[in-house]
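Student: Sequences and hints are given; from them, build the entire structure.
Protein chains in written order, with the working numbering: chain P, 110 to 337; chain Y, 50 to 295.
Source of the hints: derived by calculation from the structure; they are not laboratory data.
All C-beta atoms, glycine included, are put in the ideal place defined by N, C-alpha and C.
Take these hints with a grain of salt, some might be off.
Here are some chain Y residues pointing at chain P (derived, C-beta under 8 Å) [claimed, not checked]:
hint, residue
1, R75
2, P160
3, L167
4, A181
5, A259
6, L277
7, S284
8, A286
9, L288
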Amino acid sequence: MSLPIEVAIALLVWGTLVGVDLVSLPQMMIARPLVAGTVAGAILGDIETGLKLGVVFELLQYDILPVGAVRYPEYGPATVAAVATAHASAGVLGLGLGALVGLVTGLIGGISIHVLRRWTSSIVHAAAATLESGDARALVRLHVGAMLRDGLRAALVTAVGLCLAWLARPLLGGALSPRDATLLAVAAVAAALAAGAAGTLRLVGRGRNLAWFAAGLGGGIGVAAWLP
Amino acid sequence: MAAVRFPLARALLRLFAVQGSYNYERMLGVGVGVAEEPLLRDLADGRYGPAVARGAHFFNAHPYLIGLAVGAAARAEHEGATPDQVERLREALCGPLGSLGDRLVWAGWLPFLSGLTLAAVALGARWWAVAAFLVVYNVGHVALRWWALRAGWAYGTRVGVALHSPVLQKAAAVLGPAMACAVGAALPLTAEYLAAPFAATWARVALAVAAALGFLALRWRAGRLTGLQLGLGLSAAALAVGWLWP
Numbered sequence: 110m111s112l113p114i115e116v117a118i119a120l121l122v123w124g125t126l127v128g129v130d131l132v133s134l135p136q137m138m139i140a141r142p143l144v145a146g147t148v149a150g151a152i153l154g155d156i157e158t159g160l161k162l163g164v165v166f167e168l169l170q171y172d173i174l175p176v177g178a179v180r181y182p183e184y185g186p187a188t189v190a191a192v193a194t195a196h197a198s199a200g201v202l203g204l205g206l207g208a209l210v211g212l213v214t215g216l217i218g219g220i221s222i223h224v225l226r227r228w229t230s231s232i233v234h235a236a237a238a239t240l241e242s243g244d245a246r247a248l249v250r251l252h253v254g255a256m257l258r259d260g261l262r263a264a265l266v267t268a269v270g271l272c273l274a275w276l277a278r279p280l281l282g283g284a285l286s287p288r289d290a291t292l293l294a295v296a297a298v299a300a301a302l303a304a305g306a307a308g309t310l311r312l313v314g315r316g317r318n319l320a321w322f323a324a325g326l327g328g329g330i331g332v333a334a335w336l337p
Numbered sequence: 050m051a052a053v054r055f056p057l058a059r060a061l062l063r064l065f066a067v068q069g070s071y072n073y074e075r076m077l078g079v080g081v082g083v084a085e086e087p088l089l090r091d092l093a094d095g096r097y098g099p100a101v102a103r104g105a106h107f108f109n110a111h112p113y114l115i116g117l118a119v120g121a122a123a124r125a126e127h128e129g130a131t132p133d134q135v136e137r138l139r140e141a142l143c144g145p146l147g148s149l150g151d152r153l154v155w156a157g158w159l160p161f162l163s164g165l166t167l168a169a170v171a172l173g174a175r176w177w178a179v180a181a182f183l184v185v186y187n188v189g190h191v192a193l194r195w196w197a198l199r200a201g202w203a204y205g206t207r208v209g210v211a212l213h214s215p216v217l218q219k220a221a222a223v224l225g226p227a228m229a230c231a232v233g234a235a236l237p238l239t240a241e242y243l244a245a246p247f248a249a250t251w252a253r254v255a256l257a258v259a260a261a262l263g264f265l266a267l268r269w270r271a272g273r274l275t276g277l278q279l280g281l282g283l284s285a286a287a288l289a290v291g292w293l294w295p
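Tutor: Here is the structure:
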């Protein structure tokens with residue numbers, strides 16, 4: 110992947126915004142892979158690739174239900190990195206390599222969120238006396254500081270993802286035959302479909318919703334079979 | 050209401066960042082305290098500081114519905130509730146706000162619209178489907194945050210009445226089946242869309258087999274195996290097979 114500097118900076122800024130949106134501000138769902146991927150594709154002038162990788166990671170996102178203090182991978186900046194990787198390689202090679210880079214970036218992003226939360230916990234713990242005094246300025250300062258650290262975290266994760274994207278093509282792309290590239294893409298898409306289906310069934314549960322799921326599934330199969 | 054319009058607007062803006070200092074010690078407590086603070090500014094001197102401190106205590110709930118707790122606690126402080134009553138109110142709201150928000154948003158509104166968008170993209174829609182997702186989702190998102198804050202402020206300690214609003218109950222009842230149907234329809238369509246680049250029959254067969262086995266593994270090892278682990282594992286296996294297969 111060799112990108113003009115202004116495109117790389119735009120991707121870094123976009124990935125940072127996406128990373129901050131996931132938890133900190135404002136949770137408007139630009140962190141959803143479909144959105145993150147499409148805009149990353151638009152930045153690269155390749156919306157089709159952005160949509161494709163966005164769909165792959167959107168399905169993987171169904172595996173996650175962000176309740177309580179559950180730990181999860183971060184697929185927003187991961188999708189940006191995946192699209193940057195796939196843009197540099199055409200066809201199934203791009204799909205497989207992009208998904209692999211995205212999965213690794215998602216893993217790193219998830220770990221970074223956990224580390225940041227622990228760090229913020231220790232800061233909040235240390236500031237307990239100040240917080241108990243009802244000092245509003247200190248409260249706001251602590252809160253804003255945590256958001257800035259999350260912004261830095263998101264920028265770092267995106268930067269690591271873009272570095273992986275830059276390395277993937279020369280390190281892996283050249284070594285893969287067309288058959289190997291197809292196998293890699295099959296693995297990524299299969300995992301996405303499996304995660305999407307399993308995650309959806311977990312959300313749906315049993316009873317009336319399961320019947321609606323079956324109806325939707327039947328309709329979807331019918332349309333897919335009917336289309337040329 | 051007019052006198053508190055600006056503090057409410059400030060609190061609403063701060064609510065968009067309520068998770069900014071998410072941590073394992075107080076969860077969303079610090080963010081809740083920051084969001085509540087504008088509504089406490091006209092309390093008497095001796096009551097402002099302790100109320101701000103209470104606002105920043107441990108709290109966890111769905112971020113879009115936290116406005117209910119912020120408004121209700123601030124109103125209770127204004128109405129002279131004792132510290133114990135405010136703490137009990139906050140504790141009582143954690144569970145219901147989390148559960149209702151998860152059902153309404155994480156397991157309803159969001160996957161419903163995501164499923165529709167996935168299906169639209171698979172059927173040939175372009176960026177505009179994603180733009181429509183963002184706009185429609187956020188109409189519901191912002192409306193829910195604003196309603197929650199206003200209702201919390203309006204009801205105060207009787208905020209339970211707002212939680213039993215028929216509109217909320219109806220929305221939760223409708224969104225579950227709508228989500229199930231939309232995502233159910235999206236799955237085969239996205240499978241067809243993602244399989245399109247695989248021209249070789251063996252690749253399509255491998256995709257079907259790997260997806261089916263992956264699905265069974267995720268169901269069988271639910272809670273222990275994640276989609277990310279499956280993806281990384283299958284990718285590693287694919288690279289190994291490619292390397293070993295002459």
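Student: Could you run down the list of hints and mark each one as holding or not?
Tutor: Against the structure, the hints come out as follows:
1. R75: holds (6 Å)
2. P160: Interface hint status for P160 of chain Y: holds (6 Å vs cutoff 8 Å).
3. L167: holds (6 Å)
4. A181: violated (11 Å)
5. A259: holds (3 Å)
6. L277: Holds, about 5 Å.
7. S284: holds (5 Å)
8. A286: Hint on A286 of chain Y: holds, closest Cβ of chain P at ~7 Å, below 8 Å.
9. L288: holds (6 Å)
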